[in-house]
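Engineer: Chains as they are written, first to last, in the working numbering: chain S, 1 to 658; chain B, 1001 to 1315.
Hints may be right or wrong, so weigh each one.
To give an idea of the interface, some chain B residues facing chain S are shown, with a C-beta separation under 7 Å as derived from the structure [claimed, not checked]:
id : residue
1  : Phe1048
2  : Ala1066
3  : Ala1077
4  : Ile1080
5  : Arg1087
6  : Leu1167
7  : Trp1173
It is worth saying that the hints were derived from the structure and are not from the lab. C-beta atoms are modelled at their ideal positions from N, C-alpha and C, and glycine is treated no differently.
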Amino acid sequence: MMATGRTTSHRRVHARVSERTFDLMSLSAAFVLAVHVNHLPWLLSVALIVALALRWWQRKHRPGNVPAWLKVPMLVILVAAVILEYGNLFGREPGSALAAGLLVLKLTESEFPRDARVAAAFACFLLMAALLFGQGLIATLVVAFGLLPALATWRSLEPTQVPVTLPRQLLPALVLLMASLPLALTAFVLVPRLSSPLWGTSNPQAARTGLSDQMSPSDFTELLTDDSAAMRVSFEGPPPPNGQRYFRAYVMWDYDGRDWTRLDMPASDALPVEAAGSIAYRISLEPTHQHVLPTLDLPLQAPAQSHMHLDGEVFADQSVNDVLDYTLHSALHYRLQAELDPATRLRALQLPEGFDPRTHALAAELRQRFAQDDAGIIQAALRRFHDDGFSYTLTPAPLGRDAVDDFLFNTHEGFCEHYASSFTVLMRAAGIPARVVTGYQGGFWNAMGQYLLVRNSDAHAWSEVWLAGRGWVRVDPTAAVRPQRINLGASSAASGQLPWYQSGVLESMRNHWDIVNRWWNQGVIGFDALRQRGLLTPFGIREVDTGMLEKLLAASIALFGIVGLSWALWRRPESDPALAAMRALERKLAGAGIARGHSEGPQNFLRRAIRALPGQRTELDQLMRCYIELRYATVEPSPETLRAFRLAVRNFQPHRVV
Amino acid sequence: MRAQFQRLQQWAERRLPALTQHRRLEELPIELHRQRIYIIPTGFGVAFTVLLLVMMVGSLNYSNNAALLLTCLLGAATSISMLVAFRTLNGLRVHGLRAGHATAGQPIDVTFDFQARRLRQAVRLDIADNSHSFDVNGRTDVTVSIPTEHRGWLALPRCRIWTTWPLGLFRAWSWLRPHYAVLVWPRPEFAGPAPTLPEEDNRRQRLHRGEDLASLRDYRSGDSMRHVAWKASARHNALLVKDYEQPEARQEWRLDWRHLRGLDNEARIARLARWLNEAQAQGRPCSLWLPSEVIGLGSGVAHYARCMSALALLP
């Protein structure tokens, strides 16, 4: 196979990059814009996309640089736009907006290989920066694929003559990334994590999701249609039945006629509770940027680095900015605070003056009817919700000043927070201590992963009333109206009111798919310093310190180095066994100082060897004859001769006669 | 800057024997192997490594594991690209060299015969301030041109085979100094007299001249003033010369070193070279008589090459 090399010869002049290289650069820039588009101001996104497209079109049709009189104003406009939007240039959002703009501007002046390299490296950096905004599995995968055009850009700058199409150009980059995955994963596991950050971590308050520490009407609507995961719970033993999957977060005490707010109850190590049995479980909470830790029903003890309040709220010492895992025990059957002190009792009966007169009248009527029978009043109220034409909807009619009156006597429609709020007000008006609890209810049991997936749309509000002798008892008025809410979740209860992608088969597929997210969260995102230290527990090493990790890292990198080097050094062995044996003989003789010349035939060479080593004349003569026969006597040499020759070569040791 | 770099390079070659080991002349074929392939990151490679470190510290600081994983992925890809760069050169063979012909002052073509068992992409060859890039697949011929100055043997200058394949982050290279020289032919003189021919030949040629005027052509240095067509030249504002029909039969030339008295060696060689060129251009048979050897009557490319080589090798 003979190829006449097409060579390109060039003195050290800078050639402009090829159209293909520029296409790949534009592709990486497009990827960067795509992963950042979520948080860029939309006007800037549109402007950048248009600028990129125009530049691409311009270079395709009229190759050349963009003139400076166009570039400088663009830079000024970019900086001005970022400052106008965010107020400054530093920080996560303005920084990434500025950097994305600079990348597009860089492309307007990328004509030479050096620019192309820098632009692609910058694109890599920006792809990484996109992960600061969210490190979900899908986002990470998209970012990883975004590396392909950047790597392909560098590769396309090398002067190779093998022509390939654009998709084929991306393939080697993919192969390279796949091949680097084992080393990358090892390094990822072993790189020592910082136990405390080197410089201040940003604490993004903007992206607040999840429950809020106060409850206003229609606060929940956004939450109830947000089907991102809120937390994942795995139980020791069987999971509790659906009707008992109440996860408490906040307890609301104060009502001002419109909003419910929580109250800082004194912290408490152990609640005044009599519990019958407990259930152990582990919660993996998605970042909320708040302190509250939802717990299943009544927690018996606060997990590490958190504290518990007297009403059963649990707060972490630091706000939850990353996925947080915690383990704890809860009671499902208990008697909480059997004795209520007067101050707390007063709190639990407080109502604003001059609101909801009809509700107060109804309460007085109920109290008159049932006298001292608190349980009877509760039953009557629930029956009222069930029978009086109340309906469950995520888009209720707006309520007036007397919100509870309006809801109970006019609109008759709403969701959990309306029911919980009005029921609690009714109870307080009737003289029964009551409070509102918010949290999550239900969730999807993922049988394959053996965990309970709780979404933000599972957010719920219910009431707790205090009954003499029984303590605080949970009452869920929503269940009286719409039992499906408890059994099937908010989206099923409000069927027909949700977009198509949140219903039916697709929802169930998403529920099952969530197991992958959980693996990702637990395996990658949640792999913190603590987990890293426990890495070698299966091997009997309790605590791995930083020095140990460094040693492990060095050892495994050395190991990968050996594997990589042997791959790099490996050469296809000689396919002709007779020739391979002859080469071995040559090496042995070369060791004795008799090297075969490049133009020396085997016969001449071995004759020379005989002259140099007269003591081994017979052996060498035999070897020479054998080889000549193997090579030249027959077309297909007999295997016996071959074996004999190879054996003879292996046994031959040159002795230098002095 | 450049001078400093060259000084540094010289120092490195003096101090590091491994680098200089292969500066001795080597017999062909030359196969590149691990002991003579060096590899260092390019400037861009160093800059990218710094960028990777920044990204790593950043992702560790914000305990962003996805970013850390991606940084590790890029770092691993970088180190694999180093092995790929090494593999591009490892096992590459220069099987043979072939040289073309050139006279002193003109660049001479040298063809490298590269061999490799698998495809090697973006291999580059630096020789004599020129850079060539090519792929090697199976057997590949790469022709480079080398500037020449003097006639005679010209040893092939030291050359470098290198590559930054696949990502331009690492540069692998190996110095080559093949034991190979090319023969540079002497440069013919620019103008001078025609060779003196035997008497009767001379007369016969003159007989032909002046008889049938064929055409007018531009003046070339060395033309006799008697042949200038003065009237025609005045009309055309350029010197024109009457061109006579050449005699049909080419007379052989006997080009003799000894007839060129009064000139130094190089001038003699230059004149003989010019005559050889003219004879070759006219298809005229000639013989060359040198002090060292005598090349008998002949014509054609092979004969011409033999004569020129003999001239080139004169002391």
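Engineer: Output the indices of the hints that this structure fails to meet, ascending.
Structural biologist: Structure breaks hint 7 only.
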